[in-house]
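J.: Respectively, the protein sequence lines represent chains C and F. Residue numbering for the first sequence follows the numbering used here, beginning at 1 and increasing consecutively. Residue numbering for the second sequence follows the numbering used here, beginning at 1 and increasing consecutively.
Just so you know, not all the hints are guaranteed correct.
Computed Cβ-Cβ distance ranges for the label pairs, DEER-style [unchecked claim]:
no. : chain 1 : residue 1 : chain 2 : residue 2 : range
1   : C       : S135      : F       : L273      : 47 to 53 Å
2   : C       : N224      : F       : A182      : 46 to 52 Å
3   : C       : T54       : F       : W207      : 25 to 31 Å
4   : F       : V282      : C       : A108      : 41 to 47 Å
5   : F       : F284      : C       : V170      : 43 to 49 Å
6   : F       : L16       : C       : T54       : 54 to 60 Å
7   : F       : V72       : C       : P106      : 33 to 39 Å
8   : F       : N148      : C       : T54       : 52 to 58 Å
9   : C       : S135      : F       : F29       : 38 to 44 Å
10  : C       : S135      : F       : L16       : 42 to 48 Å
11  : F       : F284      : C       : L168      : 52 to 58 Å
12  : C       : T295      : F       : A182      : 48 to 54 Å
Now the stretches of chain F that chain C is said to cover, found in silico as 3 or more residues with beta-carbon under 8 Å [claimed, not checked]:
no. : segment
13  : 47-59
14  : 181-189
In silico DSBU-like pairs for lysine-lysine, Cα to Cα no more than 30 Å straight-line [claimed, not checked]:
no. : chain 1 : residue 1 : chain 2 : residue 2
15  : C       : K245      : C       : K265
16  : C       : K167      : C       : K128
17  : C       : K128      : C       : K151
18  : F       : K101      : C       : K15
19  : C       : K128      : F       : K285
20  : C       : K101      : C       : K128
Since the hints were made in silico from the structure, they are not lab data. Every residue gets a Cβ at the ideal spot worked out from N, C-alpha and C, and that includes glycine.
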Amino acid sequence: MATVSLKGITKSFGKTEVIHGIDLDIADGELIVIVGPSGCGKSTLLRMVAGLETVTGGEVQIGGTRVNELEPMDRDIAMVFQNYALYPHMSVFDNMAYGLKIAGTPKAEIAERVGEAATLLQLEPYLKRRPRELSGGQRQRVAMGRAIVRKPSVFLFDEPLSNLDAKLRVQMRLEIKQLQRRLGVTSLYVTHDQVEAMTLADRMIVMNAGRADQIGAPLEVYTNPQTEFVASFIGSPPMNFLPAKMAGDAPRGAATLGIRPEHVKIAQSGVQGTVLYTEALGAETLVHIDLPDATRVTVRQDAAAPPPREGETVSLEWDAGDRIFFDAQGSRC
Amino acid sequence: MEKRVTFKGIWLPLLLVLPQLVVTAVFFFYPAGQAVYQSLFIPDPFGLSMKWVGLGNFEYLLGNSYYRASFVTTAVFSTLVTVVSMGVALYLAVLADRLIKGSGVYRTLLIWPYAVAPAVAGVLWLFMFNTRVGVVTWYLGVLGYDWNHVLNGEEAMGLVVVASAWGRISYNFLFFLAALQAIPRSVVEAAAIDGARFWTRFRTIVWPLLSPTTFFLLVVNIVYAFFETFGVIHTITGGGPQQSTTILVYKVFSDGFVAQDLGSSAAQSVILLVIVGALTIVQFKFIERRVHY
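With the hints as constraints, model all of the structure from the sequences given.
T.: Right under this line is the structure:
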């Protein structure tokens, strides 16, 4: 168990700086999700904490100690990789026991700890198999088991679910969450999937082009996004963006008005638009509407409400309190 | 899915494989058959008459101490060539694998020796180690070592091994490097996080994952050392001194074309043929299902 602190972390590859100073304090036992689009630097940040990439500037602390110069093996961490990175020539048991064997743990203790992890992850029937004889979900569990048996103070997850199919992903997401709660190990979890981030995180850090745009609890980030990027990245379907001049009471300097699809209602009066098409998703219906200035607005309405016909002209309205304004640089105002 | 083309008649497919069959027949079956046939006779040195001896040539060879010594020489030679060329190649490949900048140049330079013909390589090494004008010989002399592979059998063996292994390092290097780069980076990183330092990682992760490649190279290099080093030996030592570098292939040549004992030479070719056959079977049996993990 340990805290993790990132202080002004920067990373350059050659002359190109890809991470421009990240500050983050992670409490003991907290699950932090780093979320962002591909190429935003989230994996690089995680690999710097792991010691697989050198830190260009700033300081990484684990348990209050500076670890910048330590090798990965000396940082007391375990990592789960996107492709699982299992040792293909070893059995499931040996895969999980590898780290303990190197550390010189007595045989009896190795067997006990691997057994415990196998029970926890329902891997007992497969201990003698090779990784290639397992399904994707089972491999994923072995990778988790390998991390658990070493009892590290920090878990690092690098997009561990992105190679699984949608159904399994939802199931494993829940298992990871429960496992992390149960073991209470400080965890850093990288993903590009905002649903994963929302469901798993105690706090999430939304990254955009090497910067942390916002750090906060999932719902706080959702309801109160600090930048236009965060507003568009978190939430599906994404937030609607309209020209700020459409609102008479826009604050000074505002360029964009943001409004979530669930806050827009089809009403008797208000902004006029043409229904482009509707998507019935079962529990809810998404209505896509074109405004006269070609801005696209999505409305999320209950499936019980009668959907408008395609091509129909409708009026839209929303509560003033649900609006969020951004300036020309995309910052909140 | 395997794609198969089905022909209706027999003539078109026969016509299509005919060139390959002709080549194999003319350049393999005919000479091999001739060798087997000739191994049963003793011809006179001028090729005017042949005397039937049955398996006499083989009996003579197996009882001949020079021939048995040549077996030992071949074993020593091919073991050394294989170990040296594969060992050095693996070492260089591990270094190149860790290299990020300039790896292209490094690789290109390392591949060059492969383009040098064995006989030319032999001449190059012979010049360097020439007992009178060789550069290396001169420096060894400065250091107080009197190099003379013309008289010293062990030095001669060392020289042909180095010359044969040298050209082979490039080939092995390419295979090892490709195999190293095929190991997922994350597997090695996972081992690093699990606490394995460089040597432990190499021993427990990298080496086992290289094993299919290593085995393939082992067979290929043994075959090379057995059969394709003739040029090197012929240019550097001519099998000497005192037959200390006469490997089986070289003995076929020297007994047949220098000593004019064509019957014995043919019998030796047949024995070599059997060895090649055995090596090929090993190669097919193990390499075709080369996944070891």
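J.: So, against the hints stated earlier in the document, which numbers end up violated here?
T.: 7, 9, 11, 13
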